[in-house]
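Engineer: Sequence:
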Amino acid sequence: MRLYTRTGDKGQTALIGGKTSKDDVRVEAYGSIDEINSFVGWTISCLNQDGFEDIIEDLVKIQHELFDCGTELSNVSKKERPHQLTEEIITYLEERMDQLIDEAPDLERFILPGGSMAASALHVARTVTRRAERQMVTLYHGAEEINPIPLKYINRLSDYFFAAARVVNARLEVADVEYERSARVFRGSHKKKEK
Numbered sequence: 007m008r009l010y011t012r013t014g015d016k017g018q019t020a021l022i023g024g025k026t027s028k029d030d031v032r033v034e035a036y037g038s039i040d041e042i043n044s045f046v047g048w049t050i051s052c053l054n055q056d057g058f059e060d061i062i063e064d065l066v067k068i069q070h071e072l073f074d075c076g077t078e079l080s081n082v083s084k085k086e087r088p089h090q091l092t093e094e095i096i097t098y099l100e101e102r103m104d105q106l107i108d109e110a111p112d113l114e115r116f117i118l119p120g121g122s123m124a125a126s127a128l129h130v131a132r133t134v135t136r137r138a139e140r141q142m143v144t145l146y147h148g149a150e151e152i153n154p155i156p157l158k159y160i161n162r163l164s165d166y167f168f169a170a171a172r173v174v175n176a177r178l179e180v181a182d183v184e185y186e187r188s189a190r191v192f193r194g195s196h197k198k199k200e201k
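Residue numbers (this note's numbering): 7 to 201.
Warning: the hint list may mix true and false statements.
[Said to hold, decoys possible] Computed cross-link-like contacts, DSS-like style, restricted to lysine-lysine with a CA-CA straight-line distance of at most 25 Å:
| hint | residue 1 | residue 2 |
| --- | --- | --- |
| 1 | K158 | K67 |
| 2 | K25 | K84 |
| 3 | K158 | K85 |
| 4 | K84 | K28 |
| 5 | K158 | K84 |
| 6 | K25 | K85 |
| 7 | K85 | K28 |
Note that these hints are calculated values from the structure, not bench results.
Modelling step: build the complete structure from the supplied sequences, incorporating the hints.
Structural biologist: Below, the structure written as structure tokens:
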């Protein structure tokens, strides 16, 4: 098997059921999803120690689901096929976020991305996920009949990465650094998800 095919030498790429330019918003969107997946893999390698089995299990599950999201976005075939992704994956992320938020220290102010290496990797994944979400919104505005689940999933996923990063720092006893000019933005409820 050769890794190169020469089919992209003129800036075109294959989709499921068609071809398009490599700078098409569809390709940008699933390319960003691939980038998220790489950062998730990096995070797993940073967490390769005791005490993070639950988060590693989540992240491996997320890697498979990100591949599924990319498959959904790359499909332009007119043939009907069942969607691989359902609401179940979103429900799972929400339940895991609730558990992580309960474990994390109280949050009153904005925090800077960082702390431990693994938490920093999760924050990078979070920001790339936000970019993918923006690209997907553009794609969904201009395309028909795209499964709505990938966009909802990506929206929840960035929140999951935020919650997981805070728990990773807490378990490693690394304090989050508050943004020094932040007001108290999380009044009334001491544990809030990033929006």
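Engineer: Now tell me if each hint is right for this structure.
Structural biologist: Here is what the structure says about each hint:
no.	hint	result
1	K158 / K67	holds (17 Å)
2	K25 / K84	holds (13 Å)
3	K158 / K85	holds (24 Å)
4	K84 / K28	holds (21 Å)
5	K158 / K84	holds (23 Å)
6	K25 / K85	holds (15 Å)
7	K85 / K28	holds (23 Å)
The structure shown violates none of the earlier numbered hints.
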